[in-house]
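Add chain B to chain A, keeping to what the hints say.
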Amino acid sequence: SQTIHQWPATLVQPVGSPLSLECTVEGTSNPNLYWYRQAAGRGLQLLFYSVGIGQISSEVPQNLSASRPQDRQFILSSKKLLLSDSGFYLCAWGDRRSSYEQYFGPGTRLTVT
Amino acid sequence: QKEVEQNSGPLSVPEGAIASLNCTYSDRGSQSFFWYRQYSGKSPELIMFIYSNGDKEDGRFTAQLNKASQYVSLLIRDSQPSDSATYLCAVIPSGGYQKVTFGTGTKLQVIP
Numbered sequence: 001s002q003t004i005h006q007w008p009a010t011l012v013q014p015v016g017s018p019l020s021l022e023c024t025v026e027g028t029s030n031p032n033l034y035w036y037r038q039a040a041g042r043g044l045q046l047l048f049y050s051v052g053i054g055q056i057s058s059e060v061p062q063n064l065s066a067s068r069p070q071d072r073q074f075i076l077s078s079k080k081l082l083l084s085d086s087g088f089y090l091c092a093w094g095d096r097r098s099s100y101e102q103y104f105g106p107g108t109r110l111t112v113t
Numbered sequence: 001q002k003e004v005e006q007n008s009g010p011l012s013v014p015e016g017a018i019a020s021l022n023c024t025y026s027d028r029g030s031q032s033f034f035w036y037r038q039y040s041g042k043s044p045e046l047i048m049f050i051y052s053n054g055d056k057e058d059g060r061f062t063a064q065l066n067k068a069s070q071y072v073s074l075l076i077r078d079s080q081p082s083d084s085a086t087y088l089c090a091v092i093p094s095g096g097y098q099k100v101t102f103g104t105g106t107k108l109q110v111i112p
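Chains as they are written, first to last, in our numbering: chain A, 1 to 113; chain B, 1 to 112.
For reference, chain A alone in the conformation it holds in the complex:
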């Protein structure tokens, strides 16, 4: 079966500090990978998606970046965090073998102070 991991689970960072969130998927190969952000009480905002190693599509221009150094690894980064970066960050993988449904990791709750 497939499993998706995210860490850390929670993070409190000061404004202007860097960020690195990691996501890994087990039990599948060549998945589509996604980063979403969900602000408190809001819907899911797609930040980045990737269809392969080194292939990143950005949905929202901001101070975040993403990388996919390995087939099942997806990293979200920032050089300098803003207060508005606070939120619930979710990684998901998409199943190309089925109906492209997406499965979410447990998420990282980021608070920028």
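Source of the hints: derived by calculation from the structure; they are not laboratory data. Everything numeric in this text was worked out from a predicted model, so none of it was measured. Ideal placement from N, C-alpha and C gives every residue a C-beta, glycine not left out. Please note that the accuracy of each hint is not assured.
Unchecked claim - Per the computed footprint, the stretches of chain B lying under chain A, defined by three or more beta-carbons under 8 Å from a beta-carbon of chain A, are:
| no. | region |
| --- | --- |
| 1 | 46-56 |
| 2 | 60-68 |
Unchecked claim - Below, in silico cross-link-like pairs of lysine to aspartate or glutamate (DMTMM-like), each with a Cα-Cα straight-line distance of 25 Å or less:
| no. | chain 1 | residue 1 | chain 2 | residue 2 |
| --- | --- | --- | --- | --- |
| 3 | B | K99 | A | D95 |
| 4 | B | K42 | A | E22 |
| 5 | B | K99 | A | D85 |
| 6 | B | K56 | A | D85 |
| 7 | B | K42 | A | E26 |
| 8 | B | K99 | A | E101 |
| 9 | B | K67 | A | D95 |
| 10 | B | K99 | A | E59 |
| 11 | B | K67 | A | D85 |
| 12 | B | K56 | A | E22 |
| 13 | B | K99 | A | E22 |
Okay, now just chain B, sitting in the frame of chain A:
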């Protein structure tokens, strides 16, 4: 016009009743449709997906798709307090399978 629209709720139903959650979408060429359940503070969990007109049943859950009217619904039979959560509708639009468009969700409260 939002691409995927849901009533934010809350939708309150008594325990044991049928909960009906609705979703409309604007892209007539949309291809696949998904329902997710999200408990407070947790990540979304896929409940069902449907891509053909009609009904699809899985246990207490039934997804209904009507492409002509551009709506998809989720029925939960014999609602339980543990069903209380926010339900997200998601749609794969025309033009590719890389992205899914999510609605903002309907909050369901099942009253014991």
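Below or equal to 25 Å on CA atoms is what counts here, so check B:K99 against A:E101. Holds, at roughly 10 Å.
Verify the proposed pairing of B:K99 with A:D95, using a straight-line Cα cut of 25 Å. holds, 12 Å
For the pair supplied as a hint, B:K56 and A:D85, confirm whether the alpha-carbon distance does not exceed 25 Å. Outside the cut-off at roughly 39 Å; violated.
Given hint A:D85 paired with B:K67 - CA-CA distance at most 25 Å: violated, 37 Å
Is it true that the CA of B:K99 sits at most 25 Å from the CA of A:D85? With a Cα-Cα distance of about 22 Å, the restraint between B:K99 and A:D85 holds, given a limit of 25 Å.
Within 8 Å of chain A's CB atoms, at least three CB atoms from the region 46-56 of chain B: coverage verdict: Contact hint for the region 46-56 of chain B vs chain A: holds, 3 residues under 8 Å.
Within a Cα-Cα threshold of 25 Å, do B:K99 and A:E59 meet the stated pairing? Holds, at about 10 Å.
Does the structure keep B:K99 and A:E22 at a Cα separation of 25 Å or less? holds, 20 Å
Does the alpha-carbon distance linking B:K42 and A:E22 stay inside the 25 Å limit? holds, 18 Å
Do the alpha carbons of B:K56 and A:E22 lie within 25 Å of each other, as the hint requires? violated, 36 Å
Count the residues of the region 60-68 of chain B with a beta-carbon closer than 8 Å to any beta-carbon of chain A: does the count reach three? violated (count 0)
Given the hint that B:K67 pairs with A:D95, does the C-alpha gap stay at or below 25 Å? At roughly 23 Å apart (the allowed maximum being 25 Å), A:D95 and B:K67 satisfy the hint.
In terms of the numbered hints stated before, the structure departs from hints 2, 6, 11 and 12, listed from lowest to highest.
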